[in-house]
Amino acid sequence: MFPKILKKKSVIILAVIILLGVAALAAFDFTPVISINGERASLSEFLKVQSAVRHMDMNENGGALKISDEEVKQRVFGNIIDKVFLDVLIDQIDASLAKKADDLVKQAIEQSPNLQLDTAARKLYGLSAEDFKELVLIPQAKRDLLTERFKDNPEQLNQMWEDLIKTADIKIYYPGYKWEGGEIKRK
1 MFPKILKKKS VIILAVIILL GVAALAAFDF TPVISINGER ASLSEFLKVQ SAVRHMDMNE
61 NGGALKISDE EVKQRVFGNI IDKVFLDVLI DQIDASLAKK ADDLVKQAIE QSPNLQLDTA
121 ARKLYGLSAE DFKELVLIPQ AKRDLLTERF KDNPEQLNQM WEDLIKTADI KIYYPGYKWE
181 GGEIKRK
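The numbering of the sequence shown is UniProt numbering, which starts it at 1 and goes up by one.
Don't take every hint at face value.
[As the list claims (entries may be wrong)] Derived SDA-like pairs: lysine to any residue, alpha-carbon spacing no greater than 20 Å straight-line:
1) Lys-171 x Arg-75
2) Lys-166 x Phe-85
3) Lys-185 x Gln-50
4) Lys-123 x Gly-63
5) Lys-178 x Glu-39
6) Lys-48 x Gln-140
7) Lys-166 x Gln-156
8) Lys-123 x Ala-64
9) Lys-100 x Ile-90
10) Lys-187 x Tyr-177
11) Lys-178 x Gln-50
12) Lys-171 x Asp-82
13) Lys-99 x Glu-130
14) Lys-133 x Tyr-177
15) Lys-66 x Gly-78
16) Lys-187 x Gly-78
17) Lys-166 x Glu-183
18) Lys-123 x Lys-100
19) Lys-48 x Pro-139
20) Lys-187 x Pro-32
[To be verified] Per label pair, the in silico range of CB-to-CB distance:
21) Asp-118 x Met-160: 31 to 37 Å
22) Ala-120 x Lys-151: 49 to 55 Å
23) Gln-159 x Pro-113: 40 to 46 Å
24) Lys-66 x Val-88: 31 to 37 Å
25) Lys-171 x Leu-115: 16 to 22 Å
26) Asn-153 x Val-88: 17 to 23 Å
27) Ser-35 x Met-56: 21 to 27 Å
28) Gln-107 x Asp-69: 35 to 41 Å
29) Gln-156 x Gln-107: 27 to 33 Å
30) Thr-31 x Ser-128: 18 to 24 Å
31) Glu-130 x Lys-100: 17 to 23 Å
32) Gly-62 x Gly-176: 27 to 33 Å
33) Asn-153 x Gly-176: 36 to 42 Å
34) Thr-167 x Asp-118: 37 to 43 Å
Hint data in this document are derived by calculation from the structure and do not stem from the laboratory. Note that this is a predicted model, so its numbers are computed, not measured. Backbone N, C-alpha and C fix where the C-beta goes; we use that ideal spot for every residue, glycine too.
All chains, full assembly: derive it from the sequences and hints.
Next up, the structure:
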């Protein structure tokens, strides 16, 4: 009888551990770190961008991280906010630019048959090829398209960007940081 009870306890303990693991993974992907005009970025996205910022800095500085942890987090928040602002501006100006940016990135990748995007993305940014496309290439294509659209009047684009910063409803849930006066600040 004693070994039978021991087996039941082991099964229950294992089930609880698996359940907690699944819950932790779900929380990791769904836990919001920042909300920009109602659009939330998860902890997993924050950590991907953070890894990319650190990899980029280390690659630029011969393998040593030169920026502080606080500056890394500031850049990560800035990157996430910029990505959302780009989408807002594109929706306001011409929603077809989002598809055009996707198409430009796909076309550039297809036209480079020897491109080893996954290898380069991992080495330079610590990201998968898909994450690199979503977090780096597509936002850059959107930036380029907006810059091109406003090449004759860049002040107008800058003003629209400033207006977004002034009116944005940004909530930072990450401990120790807040949005105040159009800037990310330490609490």
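Against the structure, the hints come out as follows:
1. At most 20 Å may separate the alpha-carbon atoms for a hinted pair to count; Lys-171 and Arg-75 meet this at roughly 16 Å.
2. A distance of roughly 12 Å separates the Cα atoms of Lys-166 and Phe-85; the hinted pair therefore holds under the 20 Å criterion.
3. With a CA separation close to 17 Å, the supplied pair Lys-185 and Gln-50 stays within the 20 Å bound.
4. For the hint pairing Lys-123 with Gly-63, the CA-to-CA distance comes to about 12 Å; that is within 20 Å, so the pair holds.
5. About 16 Å separates the Cα atoms of Lys-178 and Glu-39, which keeps this hinted pair within 20 Å; it holds.
6. As the CA atoms of Lys-48 and Gln-140 are separated by approximately 17 Å, the hinted pair is consistent with the 20 Å bound.
7. Under the criterion of a C-alpha separation no larger than 20 Å, the hint pairing Lys-166 with Gln-156 is consistent with the structure, at around 15 Å.
8. A distance of roughly 15 Å separates the Cα atoms of Lys-123 and Ala-64; the hinted pair therefore holds under the 20 Å criterion.
9. For the suggested pair Lys-100 and Ile-90, the alpha carbons sit about 11 Å apart, so the restraint of at most 20 Å is met.
10. As the CA atoms of Lys-187 and Tyr-177 are separated by approximately 5 Å, the hinted pair is consistent with the 20 Å bound.
11. Annotation: proposed proximity of Lys-178 to Gln-50 holds, straight-line Cα distance about 17 Å (limit 20 Å).
12. This hinted pair checks out: Lys-171 and Asp-82 have alpha carbons roughly 14 Å apart, not beyond 20 Å.
13. With a CA separation close to 16 Å, the supplied pair Lys-99 and Glu-130 stays within the 20 Å bound.
14. With a CA separation close to 28 Å, the supplied pair Lys-133 and Tyr-177 exceeds the 20 Å bound.
15. A threshold of 20 Å between alpha carbons decides the hint, and for Lys-66 with Gly-78 the separation of about 18 Å falls inside it, so the pair holds.
16. Distance restraint check for Lys-187 and Gly-78: the Cα-Cα separation of roughly 16 Å lies within the 20 Å cut-off, and the hinted pair is therefore satisfied.
17. Of the supplied pair hints, the one linking Lys-166 and Glu-183 holds, its CA atoms being roughly 10 Å apart against a limit of 20 Å.
18. A hinted pair counts as satisfied when its Cα atoms are at most 20 Å apart, and Lys-123 with Lys-100 does not qualify at roughly 28 Å.
19. A C-alpha spacing of about 15 Å is found between Lys-48 and Pro-139, which places the hinted pair at or below 20 Å, so the restraint holds.
20. Of the pairs offered as hints, the one joining Lys-187 and Pro-32 holds, with about 18 Å between alpha carbons and a cut-off of 20 Å not exceeded.
21. One distance hint, 31 to 37 Å for the beta-carbon pair Asp-118 and Met-160, holds here, with the actual separation near 35 Å.
22. Roughly 29 Å separates the CB atoms of Ala-120 and Lys-151, a value that falls outside the hinted 49 to 55 Å.
23. The hint said 40 to 46 Å for the Cβ distance between Gln-159 and Pro-113, and at roughly 42 Å that hint holds.
24. Range check, Lys-66 to Val-88: Cβ separation about 32 Å, and the 31 to 37 Å hint holds.
25. Checking the proposed 16 to 22 Å range against Lys-171 and Leu-115 shows it is violated: the Cβ atoms sit about 39 Å from each other.
26. Taking the beta carbon of each, Asn-153 and Val-88 are about 19 Å apart, inside 17 to 23 Å as hinted.
27. For the pair Ser-35 and Met-56, the supplied restraint of 21 to 27 Å holds, since their beta-carbon distance comes to about 25 Å.
28. Taking the beta carbon of each, Gln-107 and Asp-69 are about 38 Å apart, inside 35 to 41 Å as hinted.
29. Checking the proposed 27 to 33 Å range against Gln-156 and Gln-107 shows it holds: the Cβ atoms sit about 28 Å from each other.
30. Between Thr-31 and Ser-128 the beta carbon distance is about 21 Å. The supplied range of 18 to 24 Å therefore holds.
31. For the pair Glu-130 and Lys-100, the supplied restraint of 17 to 23 Å holds, since their beta-carbon distance comes to about 20 Å.
32. Against the hinted window of 27 to 33 Å, the Cβ-Cβ separation of Gly-62 and Gly-176 comes to about 30 Å, which satisfies the hint.
33. Look at Asn-153 against Gly-176: about 39 Å separates their beta carbons, and that is inside 36 to 42 Å.
34. Checked against the given bound of 37 to 43 Å, the beta carbons of Thr-167 and Asp-118, roughly 39 Å apart, stay inside it.
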